[in-house]
Structure formats: structure tokens, C-alpha cells
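Novice: Kindly generate the complete structure, drawing on both the sequences and the hints.
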Amino acid sequence: MDFRPAVFFEALTSPAFITGVELTISLTVVSMVAGLGLGLLLALMRGSPVAAVRTVAWGYIWIFRAIPTLVQLLFVWDALPQLIPAFRGEWFSPFFAGAIALSINEAAYAAEIFRGGLLSIDDGQRLAARALGMSPVKVFSKVIAPQLIRVTIPPLSNDFITMLKITSLASVISLQELLARTQTLVASTFRFVEYYSAAAIYYLVLVSIFMVIQAQIERRFVWSSQAPTGRGTLSRVRQLAVLR
Amino acid sequence: MSEPRPLGHLLDESVLGEPVAASHATSEGYLLEAIDLHRRYGHNEVLRGVSFGVHRGDVKAVLGPSGSGKSTMLRCLALLEPVDRGEVRLEGKRIGVRESGGRLVPLSEATLARERSNIGMVFQRFNLFPHLTAVGNVMIGLTEVRGKSPTEARDIAKNMLDRVGLAERAKYFPGELSGGQQQRVAIARALVMNPKAMLFDEPTSALDPELVGGILSIMEELANEGMTMVVVTHEVGFARRVADRVIMMDGGLIIEDAPPTEFFESPQQERTRKFLEAVQ
Ligand SMILES: Nc1ncnc2c1ncn2[C@@H]1O[C@H](COP(=O)(O)OP(=O)(O)OP(=O)(O)O)[C@@H](O)[C@H]1O
Ligand SMILES: [Mg+2]
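Respectively, the protein sequence lines represent chains R and Z. Residue numbering for the first sequence follows the numbering used here, beginning at 61 and increasing consecutively. Residue numbering for the second sequence follows the numbering used here, beginning at 3 and increasing consecutively.
Take the hints with a grain of salt, since some may be wrong.
[As the list claims (entries may be wrong)] With the C-beta cut set under 7 Å, the calculated list includes, among others, these residues of chain R facing chain Z:
#, residue
1, Gly184
2, Ala188
3, Gly193
4, Ser195
5, Lys198
6, Ala205
7, Pro206
8, Gln207
9, Leu208
10, Trp283
11, Ser284
Bear in mind the hints are in silico, worked out from the structure with no lab data behind them. Glycine included, every Cβ here is placed at the ideal spot set by N, Cα and C.
Specialist: Here is the structure:
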């Protein structure tokens with residue numbers, strides 16, 4: 061077996077890797093935030109009383125769920141500037157193109173998750189809120205949104221993890237994220253095992269950190285007077301230790 | 003009926019922090035009035051010309067078979083649904099519409115919202131907000147609609163929960179409360195808005211039999227304190243005892259409207275007689 065721990069650890073701590081990781085994280089967060097915003101809008105559009113609005117949202121979801129993400133990435137990066145001169149400027153970086161493609165793609169999936177979430181909220185909630193005299197905006201922000209967040213955290217977290225991983229597709233549009241950095245290093249050293257393992261470790265760590273964050277968020281949405289809300293994992297561990 | 007009521011247990015100026023809207027007797031005439039309400043869903047004509055009025059401080063019980071349009075009528079009275087024809091009047095003033103260029107047009111959602119807050123509504127399935135505690139449910143209307151500060155709203159909400167017998171349950175979430183307790187929270191949530199009238203849609207139908215009495219006695223207390231109420235119910239005993247008038251709805255029409263003794267002892271309509279036999 062040819063595995064050199066020294067090369068592996070060097071890879072893990074190399075500055076090139078770290079910048080790649082930073083780019084991966086920022087692309088994930090930017091694409092996710094934009095995707096969720098657009099996705100929520102699409103979900104609300106699908107519930108619109110106006111048929112044309114519903115159809116536009118339906119068409120969007122249909123198209124962008126059907127086309128492979130890789131094709132969307134390449135289209136935005138290569139085809140869009142040919143199609144629209146405005147995209148030929150310096151500002152149109154691989155990061156920008158990646159963020160556009162990935163958030164457009166994510167919005168289609170998030171829209172369906174939000175739509176399911178909205179359907180799961182009993183209509184009696186809206187009725188009661190309106191009967192109290194809440195404006196449509198208040199009904200949404202004070203009554204619907206908190207419940208929507210709770211039911212959509214698990215599926216959206218899944219999307220987040222998927223997003224973290226598919227940012228690696230952006231290596232094909234020359235974005236120097238984690239995978240692209242790895243490939244550059246591999247090309248000059250031919251140490252496939254060490255470098256790909258190091259990259260895998262980074263993805264594993266990133267996903268693990270995110271899972272902890274997800275658990276923290278989920279705990280804030282436990283609606284029980286007994287729930288130890290507002291306390292961190294540490295105090296919970298301590299509490300469990302005391303109980304034993 | 004038109005006597006000013008003394009401060010009560012549920013309708014208490016010292017809880018609300020303002021004069022009780024429901025117990026200030028003023029003009030003659032109806033406090034709440036439905037005139038020729040029509041409402042259809044597609045080809046389904048659910049309300050086919052419903053008219054009735056409730057005097058200030060009176061209780062109107064509404065009976066009728068499933069699908070006769072009782073809930074729809076309440077939603078129209080509460081301005082939760084537009085009517086195709088007809089009008090709703092509160093204190094003699096038409097609500098839910100405004101004049102524009104000599105024509106009456108429906109109010110915008112935001113303006114409608116303000117008018118809705120004058121009428122309290124209690125639902126069969128409680129419809130509490132599951133992400134808020136009991137006190138959170140009761141205070142949300144005060145903070146988000148009445149613009150009260152959280153501190154003031156919380157005080158009012160806690161006192162009102164105390165009045166409906168739920169002082170120790172203030173911090174519980176709806177999922178941790180029994181049906182009867184949830185319905186008390188829902189009543190408190192409506193009462194803190196200081197409504198001029200209260201609408202109840204089968205408030206005890208979803209409750210275990212042993213919890214029904216508690217809710218009915220709160221409603222009776224409310225009636226005694228001068229609240230104007232429209233109550234859709236199958237509780238014949240309650241209707242007999244508390245209502246000033248009883249309405250029978252069938253097929254989107256009011257087919258009988260009489261004082262309880264008359265209604266139950268000698269109903270004019272065959273349909274009412276049959277219905278009463280079936281529910282009693
Ligand atoms: N939002 C709606 N869309 C379409 N049809 C509706 C809607 N709401 C009510 N209906 C129809 O209107 C009719 C009357 O319904 P409503 O709920 O007012 O009856 P109800 O007298 O309250 O009955 P129940 O005793 O079962 O509560 C029914 O045929 C129902 O299917
Ligand atoms: Mg009903």
C-alpha cells in the first residue's frame with residue numbers, strides 16, 4: 061500500500077486547500093440564500109389565485125429540475141455571454157456564474173419543499189390569524205413563517221448538504237473551489253490517494269459542522285414548555301451526565 | 003338588554019386597560035346585522051339570502067344540519083369571506099366595503115383586517131398557533147394588531163388567562179393542553195381584543211364530553227356579562243338556557259327564527275321539528 065501520511069497532512073493544511081474550502085463555503089452559502097429566497101417566492105406564486113402566475117412558477121420548477129445542474133452551470137458560464145452581451149464583462153466571474161446557476165437550480169427544489177410546507181399548515185391557522193385582524197404580511201411573518209421554517213428545516217438541510225457537494229461541479233467552469241484545488245495539486249504530484257482523501261476529509265468536516273448547526277436550529281423549534289431551549293449542546297451534555 | 007352592565011369577570015376594564023366595548027349600551031337597533039347574504043362556491047349556492055339581526059348583549063343560537071351554511075355565514079359576518087350579495091352591518095354601519103366614485107367596493111385586505119378585529123371568532127378546532135405558548139397566543143393580537151407593547155400585552159393576556167381559569171398553564175404550548183384548555187385559550191385570545199361581538203362556530207363539538215360543560219359555562223358567563231354573541235351549536239340545552247333567539251338554517255336559508263321556548267316547544271317548520279328530534 062502506498063499511502064504517505066506526511067503528504068496527506070501536508071495536503072490537509074496547505075493554504076491552497078484552505079482557500080478552496082473558503083470558496084466552497086461562500087459559494088454554498090450565497091447560492092443557498094439566493095435559492096431559498098427565490099424558492100419561497102416561487103412557492104407563494106404557485107398558490108396564487110392568478111392562473112398565469114401559477115403557470116410561470118410551475119414552468120420554472122419543471123425546467124430547472126429537469127435540466128442537469130452541470131448543464132445549467134456550463135450554460136450560464138459559456139452560453140449566457142454569447143446570448144447576452146451584458147454578461148461579457150470582467151465582473152462575470154466563475155464565482156458569479158456558479159452562484160447564478162446553483163441558486164437558480166436550488167430555487168426549483170426549494171420551491172417544492174416550501175410548497176409542501178405551506179400545504180402542511182392547517183388553513184385554520186390563517187383563518188384565526190385573519191380573524192384577529194392581522195394583515196396578510198403579519199399572518200405570514202408571525203404565524204405561517206415560524207411553522208414553515210420548522211417543517212422545512214430537515215429537507216432544506218438536505219439541500220444544503222447537497223449544495224455543499226455540488227459546488228464541486230463548478231470546477232468545470234474554472235472556479236478554484238476545493239475540488240479544483242485538489243485536482244491542480246494532484247496534477248503536479250500524482251498523489252491521488254492523499255489529496256483526494258484530504259478533500260474528502262474536508263467535505264466530511266464541513267457537512268458535520270453543518271449537521272451540528274442544523275441540530276441547534278431544530279432545537280429552537282421544539283414547541284414544548286419542557287424543552288431546554290436557548291441552551292447549548294454543552295449544557296445539555298452536562299444535564300444528561302447529571303441525570304445518569 | 004340595553005342596561006349598562008356592571009364590570010364583569012371576563013369583560014373587565016381593569017384587565018383590558020380600556021373601557022369594555024361589548025358592555026356599553028347605546029343605540030336601539032341591531033348591533034350586528036346580516037342583510038340578504040348570498041355566497042356561492044362555483045355552482046354550489048351556500049348562502050341564498052340570509053337575513054337576521056342581533057341586539058346588543060343578545061345571544062343568537064344557530065342550529066342546522068351539516069352543510070347548511072352555518073360556518074360560511076359566520077365567516078361572512080366576520081369578514082373572513084366576501085359575500086356575493088348582501089351586507090353586514092355593525093352598529094348600523096355597513097362593514098367590509100367602502101364607497102368609491104358612488105359605488106361600493108370591497109375594502110383592501112389591510113383595511114378589512116382592522117375591521118375584523120372588532121369581531122371575535124372562536125372555532126370548532128380551536129386554531130391556536132402551535133408555535134406560541136398559551137400566553138403568546140393570547141397576546142399576539144394585542145402586539146401585532148393593537149400595537150400594544152409586549153409588556154402591556156403580556157399583562158393583559160396573563161390576567162385574561164387567569165379569568166378563564168388557566169393561570170398555571172400560561173407557559174404551555176397548545177400541544178400540551180387538553181381540548182378544553184385550548185378552547186379557553188382561544189376564547190381568551192378573542193376577548194383581549196375587546197370585541198364588540200363574538201362569533202362561536204361549534205365551540206364544543208371537538209371536545210370530549212366531560213370538557214364541554216366548562217366551555218359552555220364560560221360562554222354563559224360571557225353572555226351574562228353582556229357580550230353580543232352568535233353561537234353555532236348542537237348543544238340544545240345551552241341554546242334553551244342562554245340564547246335570546248334561536249335560528250334554524252337549512253339549505254343556505256334561515257327557515258326559523260324564534261325565542262328558545264317557542265323554537266323548541268312549537269317550531270313552525272316541519273324541517274325544524276325533524277332536526278330537533280334527530281339531535282335530542
Ligand atoms: N371554501 C369552500 N370552497 C368550496 N365549498 C365550500 C367552502 N366552504 C364551504 N363550502 C361548501 O359550502 C357548504 C356549506 O358549508 P358550511 O361549512 O358553511 O356548512 P356548515 O353548516 O357549517 O356545516 P357543518 O355543520 O358540517 O359544519 C358545503 O356544501 C361546503 O362543501
Ligand atoms: Mg360548520
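Novice: Hints first: check each against the structure and report whether it holds.
Specialist: Hints, one by one, checked against the model:
1. Gly184: 4 Å, holds
2. Ala188: Interface hint status for Ala188/R: holds (4 Å vs cutoff 7 Å).
3. Gly193: Since chain Z brings a Cβ to about 3 Å from Gly193/R, closer than 7 Å, the hint holds.
4. Ser195: Holds, because the Cβ-Cβ distance from Ser195/R to chain Z comes to roughly 5 Å (cut-off 7 Å).
5. Lys198: 5 Å, holds
6. Ala205: Violated, because the Cβ-Cβ distance from Ala205/R to chain Z comes to roughly 9 Å (cut-off 7 Å).
7. Pro206: This interface hint holds because 4 Å falls under the 7 Å limit.
8. Gln207: At about 6 Å, which falls below the 7 Å cut-off, the nearest Cβ of chain Z leaves the hint on Gln207/R intact, so it holds.
9. Leu208: Since chain Z brings no Cβ nearer than about 10 Å to Leu208/R, farther than 7 Å, the hint is violated.
10. Trp283: 5 Å, holds
11. Ser284: 6 Å, holds
Hint check: violations occur at hints 6, 9; the rest are consistent with the structure.
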